[in-house]
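Build the full structure now, drawing on both the sequences and the hints.
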Amino acid sequence: MKILVCISKTPDTTSKIAFTDGNTKFDESGVQWIINPYDEWYSLVRAIELKEKDAAVSIHLITIGTADSEPIIRKALALGGDEAIRVNSNSSDAYFIATQIAEIAKQGGYDLIFTGKETIDYNGSSIGGMIAELTDAPYISLATKFELAGTTATITREVDGGEEVAEVDLPLVVSCQKGVAEQRIPNMRGIMAARTKPLKVVEPIAADTLSSIISYELPPAKAGVKLVAADNVSELARLLHEEAKVI
Amino acid sequence: MSVLIFIDQSDGHVKKSSLEAITYGADIAKQLGVAAEGIVLGTVSDDLTALGKYGISKVHQVNNNALNHVDAQLYAKIIAEAVTLSGAKVLVFSHNQTGKAVAARVAARLKAGIVSGACALPDTSNGFVVKKTVFSGKAFANISIHSDIKVISLNPNSYKTIVGEGTATIADLNIIVDPSRIKVTAINKVSGDVPLTEADIVVSGGRGLKGPENWGILLDLAKELGAATACSRPVGDAHWRPHHEHVGQTGVQIAPNLYIAIGISGAIQHLAGVNRSKVIVVINKDSEAPFFKAADYGIVGDAFEVVPQLTAAIKKMKASV
Ligand SMILES: Cc1cc2nc3c(=O)[nH]c(=O)nc-3n(C[C@H](O)[C@H](O)[C@H](O)COP(=O)(O)OP(=O)(O)OC[C@H]3O[C@@H](n4cnc5c(N)ncnc54)[C@H](O)[C@@H]3O)c2cc1C
Numbered sequence: 001m002k003i004l005v006c007i008s009k010t011p012d013t014t015s016k017i018a019f020t021d022g023n024t025k026f027d028e029s030g031v032q033w034i035i036n037p038y039d040e041w042y043s044l045v046r047a048i049e050l051k052e053k054d055a056a057v058s059i060h061l062i063t064i065g066t067a068d069s070e071p072i073i074r075k076a077l078a079l080g081g082d083e084a085i086r087v088n089s090n091s092s093d094a095y096f097i098a099t100q101i102a103e104i105a106k107q108g109g110y111d112l113i114f115t116g117k118e119t120i121d122y123n124g125s126s127i128g129g130m131i132a133e134l135t136d137a138p139y140i141s142l143a144t145k146f147e148l149a150g151t152t153a154t155i156t157r158e159v160d161g162g163e164e165v166a167e168v169d170l171p172l173v174v175s176c177q178k179g180v181a182e183q184r185i186p187n188m189r190g191i192m193a194a195r196t197k198p199l200k201v202v203e204p205i206a207a208d209t210l211s212s213i214i215s216y217e218l219p220p221a222k223a224g225v226k227l228v229a230a231d232n233v234s235e236l237a238r239l240l241h242e243e244a245k246v247i
Numbered sequence: 001m002s003v004l005i006f007i008d009q010s011d012g013h014v015k016k017s018s019l020e021a022i023t024y025g026a027d028i029a030k031q032l033g034v035a036a037e038g039i040v041l042g043t044v045s046d047d048l049t050a051l052g053k054y055g056i057s058k059v060h061q062v063n064n065n066a067l068n069h070v071d072a073q074l075y076a077k078i079i080a081e082a083v084t085l086s087g088a089k090v091l092v093f094s095h096n097q098t099g100k101a102v103a104a105r106v107a108a109r110l111k112a113g114i115v116s117g118a119c120a121l122p123d124t125s126n127g128f129v130v131k132k133t134v135f136s137g138k139a140f141a142n143i144s145i146h147s148d149i150k151v152i153s154l155n156p157n158s159y160k161t162i163v164g165e166g167t168a169t170i171a172d173l174n175i176i177v178d179p180s181r182i183k184v185t186a187i188n189k190v191s192g193d194v195p196l197t198e199a200d201i202v203v204s205g206g207r208g209l210k211g212p213e214n215w216g217i218l219l220d221l222a223k224e225l226g227a228a229t230a231c232s233r234p235v236g237d238a239h240w241r242p243h244h245e246h247v248g249q250t251g252v253q254i255a256p257n258l259y260i261a262i263g264i265s266g267a268i269q270h271l272a273g274v275n276r277s278k279v280i281v282v283i284n285k286d287s288e289a290p291f292f293k294a295a296d297y298g299i300v301g302d303a304f305e306v307v308p309q310l311t312a313a314i315k316k317m318k319a320s321v
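Residue numbers (my numbering), protein chains in the order written: chain Z, 1 to 247; chain C, 1 to 321.
Don't take each hint at face value.
Claimed, not checked - A few chain Z residues facing chain C, derived, Cβ under 10 angstroms:
(1) Glu118
(2) Ile120
(3) Asn123
(4) Pro138
(5) Gly161
(6) Glu182
(7) Ile205
(8) Ala206
(9) Thr209
(10) Ser211
(11) Ile214
(12) Leu218
(13) Lys226
(14) Leu240
The hints are simulated quantities; they were obtained by calculation from the structure and are not laboratory data.
Glycine included, C-beta positions come from ideal geometry on N, C-alpha and C.
Pasting the structure below:
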């Protein structure tokens with residue numbers, strides 16, 4: 001049983017969002033990088049839990065990034081996982097990235113591929129579906145629960161206005177979100193072990209880039225809050241009705 | 001050449017987010033001077049011809065109840081085939097749960113570039129550039145799509161539906177539906193509730209409400225407003241509320257017309273999920289709470305006193321109009 005967990009590097013959630021070079025580049029100065037929380041807290045931890053239940057499970061991590069993403073992949077290895085693969089590219093195009101992961105997936109013969117539901121910087125929610133298409137596997141998105149019995153997965157996923165439970169045979173691609181697992185903190189033993197775990201670097205295969213980022217914008221600043229006194233609550237109702245026209 | 005819009009349905013009804021996607025797709029078609037058409041999968045009880053009012057002339061339908069559950073693999077194959085058959089150059093989805101499952105998969109199948117989470121019409125003056133939200137709503141990016149076919153998934157609540165005149169014709173699409181590899185064994189829908197991502201009004205509670213037993217005042221307000229309910233992350237983590245209500249950078253991202261935050265401090269990770277709301281109201285007893293900086297209206301006060309009064313005031317106001 002082989003699991004491939006997709007790991008992405010994102011700015012820490014408290015990072016100041018600013019742009020340089022005429023709003024064409026994200027300003028990385030002072031930015032702390034973290035493992036994309038959906039990849040870390042949910043998909044990686046769930047994979048580790050599956051391995052804890054069944055020693056025959058092996059977990060490989062994959063990231064598409066340049067050498068500066070190695071601390072992130074080592075951090076992920078400190079939580080768990082047997083080895084990691086880094087595809088050496090700085091591409092931000094979903095199709096290019098998914099093509100690389102699909103290639104590794106086909107070579108490695110994985111039974112299960114986990115992604116986070118999206119990255120917290122690009123918010124694409126695209127990679128999982130694309131990998132599934134490129135490897136011709138079923139895809140369950142927005143999973144909130146994942147159980148495995150033999151080669152059949154039972155997955156709860158978010159659907160419009162509720163949840164749906166489905167059974168699917170492996171191989172399979174799943175995007176994970178809250179509910180699938182609980183956040184873990186790496187321990188000292190894990191951090192030490194991660195240093196010597198194999199991290200293989202491969203060059204990307206040829207693939208098309210179908211989109212590119214032209215520029216960024218920040219939202220316009222808010223005009224400022226209009227405070228209503230706590231003993232005059234009906235005034236708030238009036239403002240929302242007559243001024244803001246939202247109720 | 002045309003614009004094809006995926007029309008998402010649940011229990012036979014067309015979703016509100018799809019009406020937005022139709023209006024958006026029809027506006028792109030106008031911009032490009034081409035026709036706008038829709039595609040719907042599964043059995044639908046709504047009158048599909050009435051979707052003409054939102055600007056589409058034709059609805060392709062694969063009328064097969066095997067498609068009433070979303071299987072991204074089957075959906076992608078069928079929609080890609082419909083794109084090819086109809087000669088569409090732009091394919092539009094809503095970036096809702098179904099869109100998140102299917103849009104990127106279809107894009108990969110068609111080798112089409114995708115912008116997911118779009119929030120404005122494409123700029124076609126020089127190429128094809130689509131604006132999308134990034135950094136969980138803290139910024140926007142303009143993305144250029146280079147491929148011949150373009151796929152866009154539109155953020156819910158970011159494009160206003162326009163109802164005009166017109167009727168659409170229905171065309172049955174004869175496409176073979178493969179057996180699904182996904183067996184749906186249970187569906188738990190909270191009936192009657194407004195889905196969070198589609199709601200016009202959201203009432204949300206934080207740790208300031210002290211415990212799940214105190215949610216009644218919030219639920220009363222939500223009921224009075226016909227609002228969906230949400231919560232901050234610690235509230236979801238503590239199981240005071242179901243985890244699918246957790247909004248923020250690591251939860252659901254929403255953009256309602258009105259977001260009312262009760263006893264929520266307004267941490268940066270929380271704001272990331274709600275700062276696209278058109279109007280934000282904050283009720284917090286601490287005048288220094290960061291949320292006031294992101295708010296349009298606010299009351300510095302005790303939620304346990306203010307919220308029931310607000311509910312009563314709204315009830316009274318409704319009765320008088
Ligand atoms: C990586 C990361 C990701 C995160 N993602 C998210 C996320 O997606 N969503 C999210 O919400 N958080 C997220 N958080 C957590 C976030 O940083 C905050 O801790 C959290 O939002 C605080 O929740 P809160 O406002 O409910 O609680 P608190 O910060 O404890 O605030 C409670 C507020 O209630 C007010 N209050 C108390 N009593 C009353 C009363 N009687 N009447 C009125 N007001 C009262 C207080 O003044 C205070 O402002 C994340 C954190 C990290 C590190």
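**Prompt:** Which earlier hints turn out false for this structure, listed by number in ascending order?
**Reply:** Those not satisfied are hints 7, 8.
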